[in-house]
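*Asks:* Residue strings, one per chain:
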Amino acid sequence: MTGLATTFGSGAMTNSINEIEQAEVIIVSGSNTTEAHPQVARRIFDALDNGAKLIVIDPRRTLLAEFAHIHLDIKGGTDIPLLNGMMRVILDENLVDDLFIEMRTENYHALRDMLFRLDLNKIADITGVALEKISAAAQLYARAQKAVICYCLGITQHVCGTGNVETIANLAMMAGHVEKEFTGVDPLRGQNNVQGACDMGALPGVFPSYQAVNNPEHREKFERAWGVELSPVPGLTLMHMTHGGPKSPVRGMFIMGENPVLSEPKANKVDQTLKELEFLAVSDIFLSETAQLAHVVFPAASFAEKTGTFTNSERRVQMVRQAIPPIGSCRPDCEIIMSISERLGYPMDYESTAEIMEEIALLAPTYGGMHHDRLESSWGLQWPCWDREHPGTPFLHKYYFSRGLGQFIPTTHQSPGELPDDDYPLVLNTGMVYHQYRTATMTRNSVTLNRECNEAVLEVNPQDAASYNIRTDDMVKLSSRRGSITLKAQVTEQVGAGSVYTTFHFTEAPINELTVDTKDPKSKCPEFKVCAVKMEKITT
Amino acid sequence: MKDVLTTCAYCGCGCGLYLHVENGKVTGSMASRNHPVSHHNLCVKGWHIHEFIHNSSRLTQPLMRKNGKLVPVSWDEALDFTAENLRRIRDNTNCQGLGVLASAKCTNEENYLLQKFTRTVLKTNNIDHCARL
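Sequence lines, in order, name chains H and Z. Heads up: the first sequence begins at 82 in the numbering used here, then just goes up one per residue. Heads up: the second sequence begins at 117 in the numbering used here, then just goes up one per residue.
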């Protein structure tokens with residue numbers, strides 16, 4: 082989300098999910114929306130029924146791509162040249178929104194100079210997409226009155242993830258497609274409360290509401306509220322904590338409800354790092370792969386057994402209500418944290434989660450008007466919500482950007498960290514299926530979902546299948562420079578020739594033992610979407 | 117028998133749904149008719165979200181590693197042991213040696229408390245979660 086923070090000033094969906102229904106043109110980039118965000122996909126189909134035009138940017142022929150008016154089937158990791166090409170077309174066709182750029186943005190000339198130096202034929206070469214298609218997509222988008230761009234991890238999980246997002250923001254600002262209802266840039270957040278966890282300051286560099294730990298004013302505010310001296314040094318990121326190996330400065334960890342052993346790239350290194358720790362405590366609802374390595378495991382209450390709030394992708398803070406008492410001797414994570422804190426001489430005596438939210442409202446300006454009593458009597462509130470009277474904000478950047486002026490940041494193509502070669506000739510891409518979720522700690526313990534889909538398959542293009550002599554349901558061995566796994570093949574035109582694709586849910590086929598840990602230098606987001614692999618048929 | 121309105125715990129769409137409770141157990145889920153996102157509709161994960169809650173492999177008591185194996189212990193023993201180890205590592209490493217992972221699955225209140233605990237008690241900013249994954 083770093084990319085939207087630098088360009089717009091706020092790393093979140095600019096629209097509400099419902100607004101997508103009314104858009105005239107929708108660009109979906111790097112999101113398998115029907116599988117991962119069913120409700121957003123539903124809005125896209127509703128919009129299509131209303132006559133909207135759909136442009137899908139994806140190396141795979143996803144279900145949504147089948148419905149697209151234009152499918153830009155780019156080579157993995159070439160989003161920046163494609164979007165730059167679209168902007169050059171907008172420039173050449175004189176479809177730039179000059180008034181918007183003049184009033185609301187800065188640094189446009191740098192972008193324009195960069196675009197004028199581009200060679201469109203070269204872009205068609207790099208991306209593998211015909212120039213006519215790029216041009217048609219650009220004109221469709223720029224001529225629309227109401228247009229949204231939805232993107233997901235297919236954009237961010239690249240070595241140039243931040244650059245990809247900045248390029249999307251450039252495109253939207255150039256066409257003047259921000260600040261209005263039904264118009265904007267919408268990163269679809271993967272998890273129920275990933276937006277909230279960021280807002281709450283579960284990040285190494287910021288307090289709640291993105292107030293920097295190295296800003297003396299912000300730090301002083303929290304020191305006064307919490308009554309202790311705080312460190313001005315930003316902490317280590319997740320990858321630094323879990324990939325350090327024996328030399329890592331981290332000797333002990335507390336992990337709440339995460340499963341890094343399965344979810345992170347170069348997973349065998351995570352396994353090794355966690356095993357080397359002097360002390361590891363995990364709190365989870367199931368004995369996850371990570372919990373199995375712990376010294377202490379706390380049984381946590383599930384979402385049905387506690388009260389609190391989640392913040393969804395459209396910034397809507399909503400109540401989670403307790404339906405049943407915790408099963409067995411489970412306890413909500415709040416209680417677990419408070420019990421440990423008390424033993425370490427810093428008692429936190431909150432009587433309810435509503436009281437915790439009162440403290441959040443005091444310290445996090447964007448949550449200033451979020452109180453449980455208000456959230457109880459509504460469908461939640463969308464931040465920014467500055468005070469008790471504020472009605473919340475359905476779409477962002479009306480009249481001015483969160484950072485003041487929107488900033489154009491010209492970006493250029495950066496090759497993925499690992500490209501196919503003679504030894505590892507195929508490109509591996511990873512993603513999710515409809516019936517499973519993330520590392521599947523929850524879904525695999527659900528009977529119906531497991532019945533529908535319970536194993537990883539490797540999608541292989543018919544051309545490659547023919548040359549490797551592979552048929553659907555054959556077992557194949559897939560290897561990269563980091564490890565190898567065995568799984569079933571499925572021959573399909575959903576993937577292009579030279580690429581393979583699989584899901585990351587299943588512990589029997591832990592695909593992240595193959596992926597690279599090259600990461601975006603700014604967002605520290607690992608490149609899950611491109612790495613080089615080789616495939617061998619297993620003959621029995 | 118009751119239905120409790122709550123928020124789905126799977127993806128970032130944040131559907132409103134009712135959990136159906138019978139004899140102290142969650143036995144079903146149902147879409148909210150008027151919720152702005154779900155609008156009388158859920159995906160397959162939402163319709164079956166009750167299934168994992170009472171799964172027999174849920175953890176129900178604290179575990180501690182003894183002689184290489186995780187065995188059930190009391191809450192006090194698990195909490196005391198954790199506090200002791202966190203204190204020891206914090207003090208021996210000049211507050212550099214501890215790391216905390218919060219969760220995009222947990223509530224705002226839990227994430228807020230965990231980062232407050234990390235910054236005030238463990239005295240480090242080594243806290244992160246899987247936002248980038």
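Just so you know, these hints were derived from the structure itself, not from any lab. As the structure is a prediction and not an experimental result, all values here were calculated from the model. Do not take every clue at face value.
[Stated by the list, open to error] Here's a subset of chain H near chain Z, in silico, CB distances under 7 Å, partners left out:
hint : residue
1    : 205
2    : 209
3    : 211
4    : 285
5    : 531
[Unchecked claim] Under the rule of at most 27 Å between Cα atoms (straight-line distance), these lysine-lysine pairs were calculated in the DSSO-like manner:
hint : chain 1 : residue 1 : chain 2 : residue 2
6    : Z       : 239       : H       : 605
7    : H       : 558       : H       : 350
8    : H       : 261       : H       : 479
9    : Z       : 239       : H       : 302
10   : H       : 350       : Z       : 185
Ideal placement from N, C-alpha and C gives every residue a C-beta, glycine not left out.
*Asks:* Work down the list of hints and note, for each, if the structure agrees.
*Replies:* Results of checking the hints against the structure:
With a cut of 7 Å, the hint placing residue 205(H) at the interface with chain Z is violated, because the nearest CB-to-CB distance is about 32 Å. Residue-level restraint check for residue 209(H) is violated (minimum Cβ-Cβ distance to chain Z is 27 Å; threshold 7 Å). Because the smallest distance between the Cβ of residue 211(H) and any Cβ of chain Z comes to about 34 Å, over 7 Å, the interface hint for this residue is violated. Look at residue 285(H): its Cβ gets to within about 5 Å of chain Z, closer than 7 Å, so that hint holds up.
For residue 531(H), the interface hint is violated, the least distance from its beta-carbon to any beta-carbon of chain Z being 9 Å, above 7 Å. Taking the CA atoms of residue 239(Z) and residue 605(H), the gap is near 23 Å; set against the 27 Å cutoff, the hint holds. Of the supplied pair hints, the one linking residue 558(H) and residue 350(H) holds, its CA atoms being roughly 21 Å apart against a limit of 27 Å. Of the supplied pair hints, the one linking residue 261(H) and residue 479(H) holds, its CA atoms being roughly 7 Å apart against a limit of 27 Å.
Between residue 239(Z) and residue 302(H) the alpha-carbon distance is near 16 Å, which keeps this suggested pair within the 27 Å criterion. Of the pairs offered as hints, the one joining residue 350(H) and residue 185(Z) holds, with about 22 Å between alpha carbons and a cut-off of 27 Å not exceeded.
Checked against the numbered hints above, the structure breaks hints 1, 2, 3 and 5 and satisfies the rest.
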